[in-house]
Amino acid sequence: MEYSLGELARRLGLTLAGDPAARVARIAPLAAAGPGDLCFYADRKYREALAATRAGAVILAPANQALSPAPTLVGDNPYLAYAHAGWLLHPPTAAPQGRHPSAVVDETARVDPSAWIGPCAVVEAEAEIGPGAFIGPGSLVGARCRVGAEARLVARVTLCPGVRIGQRALLQPGCVIGRDGFGFARDGRRWFRMPQLGSVEIGDDVEIGANSCVDRGALEDTVIAAGAKIDNLIQIGHNCRIGENTAMAACSGISGSTRIGNDCTIGGAVGMAGHLEIGDNVHFTGMAMVTRSLPEPGVYSSGIPAMPNAEWRKNAARFRHLDELTRRVKHLEAVLATLSAVPPATAEAPAAASPPSTPSPEREPD
Amino acid sequence: MEYSLGELARRLGLTLAGDPAARVARIAPLAAAGPGDLCFYADRKYREALAATRAGAVILAPANQALSPAPTLVGDNPYLAYAHAGWLLHPPTAAPQGRHPSAVVDETARVDPSAWIGPCAVVEAEAEIGPGAFIGPGSLVGARCRVGAEARLVARVTLCPGVRIGQRALLQPGCVIGRDGFGFARDGRRWFRMPQLGSVEIGDDVEIGANSCVDRGALEDTVIAAGAKIDNLIQIGHNCRIGENTAMAACSGISGSTRIGNDCTIGGAVGMAGHLEIGDNVHFTGMAMVTRSLPEPGVYSSGIPAMPNAEWRKNAARFRHLDELTRRVKHLEAVLATLSAVPPATAEAPAAASPPSTPSPEREPD
Amino acid sequence: MEYSLGELARRLGLTLAGDPAARVARIAPLAAAGPGDLCFYADRKYREALAATRAGAVILAPANQALSPAPTLVGDNPYLAYAHAGWLLHPPTAAPQGRHPSAVVDETARVDPSAWIGPCAVVEAEAEIGPGAFIGPGSLVGARCRVGAEARLVARVTLCPGVRIGQRALLQPGCVIGRDGFGFARDGRRWFRMPQLGSVEIGDDVEIGANSCVDRGALEDTVIAAGAKIDNLIQIGHNCRIGENTAMAACSGISGSTRIGNDCTIGGAVGMAGHLEIGDNVHFTGMAMVTRSLPEPGVYSSGIPAMPNAEWRKNAARFRHLDELTRRVKHLEAVLATLSAVPPATAEAPAAASPPSTPSPEREPD
Chain A
2 MEYSLGELAR RLGLTLAGDP AARVARIAPL AAAGPGDLCF YADRKYREAL
52 AATRAGAVIL APANQALSPA PTLVGDNPYL AYAHAGWLLH PPTAAPQGRH
102 PSAVVDETAR VDPSAWIGPC AVVEAEAEIG PGAFIGPGSL VGARCRVGAE
152 ARLVARVTLC PGVRIGQRAL LQPGCVIGRD GFGFARDGRR WFRMPQLGSV
202 EIGDDVEIGA NSCVDRGALE DTVIAAGAKI DNLIQIGHNC RIGENTAMAA
252 CSGISGSTRI GNDCTIGGAV GMAGHLEIGD NVHFTGMAMV TRSLPEPGVY
302 SSGIPAMPNA EWRKNAARFR HLDELTRRVK HLEAVLATLS AVPPATAEAP
352 AAASPPSTPS PEREPD
Chain B
2 MEYSLGELAR RLGLTLAGDP AARVARIAPL AAAGPGDLCF YADRKYREAL
52 AATRAGAVIL APANQALSPA PTLVGDNPYL AYAHAGWLLH PPTAAPQGRH
102 PSAVVDETAR VDPSAWIGPC AVVEAEAEIG PGAFIGPGSL VGARCRVGAE
152 ARLVARVTLC PGVRIGQRAL LQPGCVIGRD GFGFARDGRR WFRMPQLGSV
202 EIGDDVEIGA NSCVDRGALE DTVIAAGAKI DNLIQIGHNC RIGENTAMAA
252 CSGISGSTRI GNDCTIGGAV GMAGHLEIGD NVHFTGMAMV TRSLPEPGVY
302 SSGIPAMPNA EWRKNAARFR HLDELTRRVK HLEAVLATLS AVPPATAEAP
352 AAASPPSTPS PEREPD
Chain C
2 MEYSLGELAR RLGLTLAGDP AARVARIAPL AAAGPGDLCF YADRKYREAL
52 AATRAGAVIL APANQALSPA PTLVGDNPYL AYAHAGWLLH PPTAAPQGRH
102 PSAVVDETAR VDPSAWIGPC AVVEAEAEIG PGAFIGPGSL VGARCRVGAE
152 ARLVARVTLC PGVRIGQRAL LQPGCVIGRD GFGFARDGRR WFRMPQLGSV
202 EIGDDVEIGA NSCVDRGALE DTVIAAGAKI DNLIQIGHNC RIGENTAMAA
252 CSGISGSTRI GNDCTIGGAV GMAGHLEIGD NVHFTGMAMV TRSLPEPGVY
302 SSGIPAMPNA EWRKNAARFR HLDELTRRVK HLEAVLATLS AVPPATAEAP
352 AAASPPSTPS PEREPD
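Chains as they are written, first to last, in my numbering: chain A, 2 to 367; chain B, 2 to 367; chain C, 2 to 367.
Please keep in mind that the hints were generated in silico from the structure rather than gathered at the bench.
Since the structure is predicted, the reported quantities are computational estimates derived from the model, not experimental observations.
It is possible that some hints are incorrect.
To be verified - The following label-pair restraints were derived from C-beta to C-beta distances: (1) Asp113(C) <-> Arg191(A): 51 to 57 Å; (2) Asp188(C) <-> Phe193(B): 46 to 52 Å; (3) Ala338(C) <-> Pro63(A): 53 to 59 Å.
Said to hold, decoys possible - Stretches of chain A that chain B covers, calculated by requiring three or more beta carbons in the stretch to come under 8 Å of a beta carbon on chain B: (4) 172 to 185; (5) 189 to 203; (6) 252 to 264; (7) 313 to 322.
Ideal placement from N, C-alpha and C gives every residue a C-beta, glycine not left out.
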């Protein structure tokens, strides 16, 4: 889709420096861009690419405007403007309506005529599919599920019976919503399954990633609140609550009944124990191991960054004796105190040099 | 489904204190329960909710009976009784029989007439489906597979050719049983695939979670023994053996040829190296890193619980020098010994105060 | 399939010691093998089984030939020869051609007549399927995808629109290729999705494991180079590049824009931060946490191997004070220096005894 720079500036609320009649038709990287391309600049790593770009225009922040040889579109949240520009130039293909002949739709299901039921999709009894919803190929909408307006099940999504999906929710391929939670009572040596009588509520504008799983509650519902973004291969246990606009990166697992607040960011492969309370605006770096409730905002981390194997083997072996080592130091201090007046170690001692870099809990443009 | 308290007491082997003719119809949480609801109490966290409940009856242990204002059903394993009560009041819907017209069933497959083959399910050549088995929508039963009586493939399950599923096994959506194991021979720089000639045996009453994977063996079979419970997003490598009634929480991965004993519990996101021998009654807390065989029963753990990022950065940087630090302490001890007669650090020194809490390896009611 | 030992020796380039007319028909383990079976020996753990074997022949290295009571097939890469022998004795069943009546193939798709489109598979508009390709049951080939000659989508594979699959690529059940990458711009508290305009390129001879996910690029493509082997339940973020013949074990996650070189091996459950550069011939042991670029070849590790819980609780509690402990030691050294001339700790101090064993980064026969 083609736009003039003037039209883009108007629609995106940006300040144009350049010919308003000039036109761009697509998004491109600075280095590859030509006159018909629109680019984005923020990271100084690309400073030289910007200086050499042949792009039709560049979206950037006021502070960087002087660096661009090309026409500029300037605003205070250039990355967001760039996102909107991307959708204008590359609009999603319109979804079809109705149903594919190979779809299997129970006669008691209520499907809005403006929704689409794709090939080999299955919609069970008494399910409700809202206006403009998209049920992709091979997806299952279980009995009594409710799928909100314009929600999108991309492909091969499984909704177990009775789950509720909010408006504009985006469910990626292979995700499973509403499996019976993993709860058992012990019967001697054997495990006896607890009935899982709750359901799952997925809020408006939530995204669930590919092959991620959200289990249904034991009695009350598992809840993913509005605007939360869940990446691929994530496990959310039964009775969890994920707060509004909380974002979780791939491969994380949240054990049952843990509640996470609003506006949190959770790095990749984070693990959380069950029955925890995590507050609002709590951020975890990748691979953090969360074993306690953390009600206070802040950035929390754990894990040992990789090092050469030989070095690691020695240090890891010593870790097994860290408690003993600490007691030996305490003992040395006591003995030394008997030999001399030992002034206490100053709290103002310099911090450790060059701490290991850590994955940022904030999502950056890739 | 509605029951009188007398009938419930009789069926569940509980002692009733209350009117045997009073009736309950559903399970509910203590705080929300009304006269027609049945509740459960064990965790003192809910003590006030119990004191204030309007429930029709509460299942609990003898020690807690006095705390309940409502009629009580008392037994020594109240959680198990509660599970049975849940199934009585909320029985599963009866499975249909026969096959959906959209199912694709090879003419050489042997399907018991009491089994169900759901919409868009595929059953390949010479597969055997036992009495009362449920093959959910979009599932694949590969050639020569055997599915035991009353086994349930909930939806979109993949059984690769030749795998065997025990009676009453429960396979959750998206799980993949019998992928060729990840084994390769090196051909210069390139990897050449080893044929994987074994299969997978899933025992009676086993559960496999959503999107979990169990690979087929290279020569002999990968085995999940009777009663084992495998949660979501778990990887079981080829030639592994998981013992009877062993339970694994989500996101764990077991490398090839590792054998785990009976009655083990494995917390979430545990990783195990290959070719290990883990004994019976071994328990791992969440995110444990298992690199050695552990034949003895016990609870094993590893990992560093999350802490404020600034604190973590300093400590993690020091870890890289833990071996050197230990040597420095040893050196100090030697030097000090030359200056004075140093008595050895007492083994009876007090243990570290306030250890971090850890995810319980035992499954608790959520 | 049956072969004479002479024929096998000729085809595999091995040296036979035994009757060239003797025949074998299948692969078997040393302990179970009979006269018609072919075995492999390399690991001295099986030395007694070899000494007692009744196998028809054993493939092994020259150094081990004397250990075998059975006829031998000897070569310098016996494991590779064994793999080839396995395929000769147990050839894969020939794939069918054409399409199953239940398959849904868009009329604008170009499907080679020698390809197979299985039951309930869906091929969307303008997709291209090459000669001998296999599109397994329930798979989705999105619009404009290209699937190379003899590529195999085993079952229930999802290819999102526009992805390209190389020749002989093997895609295991449930994998998802080309989900929109996890990229968002912040709009106040809310997340606004970035359009993901790149695609995914899967090279020739690549394998992608069951339920693994490879996200499409934001602007340029995510690339899995020729010969790379990706195990189950792995996440590859958008804009990543995985080099040629790099092998990744299950449950690993690679954050967006990280580039991994050629001939690397990555153990299970490894996590990598985004925007890293990993060189060629870099090897990570299982559960390594990778937070920095590592351009140099070598073996890198992290993590704390599991230990008895009581021991771990004490040591983990001490870790929170490791920085402080280090400063206390430094202080002791300073004080002691004032009391005596302290010679420096010798760099030649003995290394830590018995380091924990670690998962081998090299793939071994299981």
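Verification of the supplied hints:
For the pair aspartate 113(C) and arginine 191(A), the supplied restraint of 51 to 57 Å holds, since their beta-carbon distance comes to about 53 Å. For the pair aspartate 188(C) and phenylalanine 193(B), the supplied restraint of 46 to 52 Å holds, since their beta-carbon distance comes to about 50 Å. Between alanine 338(C) and proline 63(A) the beta carbon distance is about 56 Å. The supplied range of 53 to 59 Å therefore holds. Counting residues of the segment 172 to 185 of chain A whose CB lies closer than 8 Å to any CB of chain B gives 8, so the stated coverage by that chain holds, three being the minimum.
Given a C-beta distance limit of less than 8 Å, the hint that chain B covers the segment 189 to 203 of chain A holds, as 8 residues qualify and 3 suffice. Under a criterion of three residues with beta carbons nearer than 8 Å to beta carbons of chain B, the stated coverage of the segment 252 to 264 of chain A is upheld, 5 such residues being counted. Coverage of the segment 313 to 322 of chain A by chain B holds. Counting CB-CB distances below 8 Å, 6 residues qualify, and the rule asks for three or more.
The earlier numbered hints are all upheld by this structure, with none contradicted.
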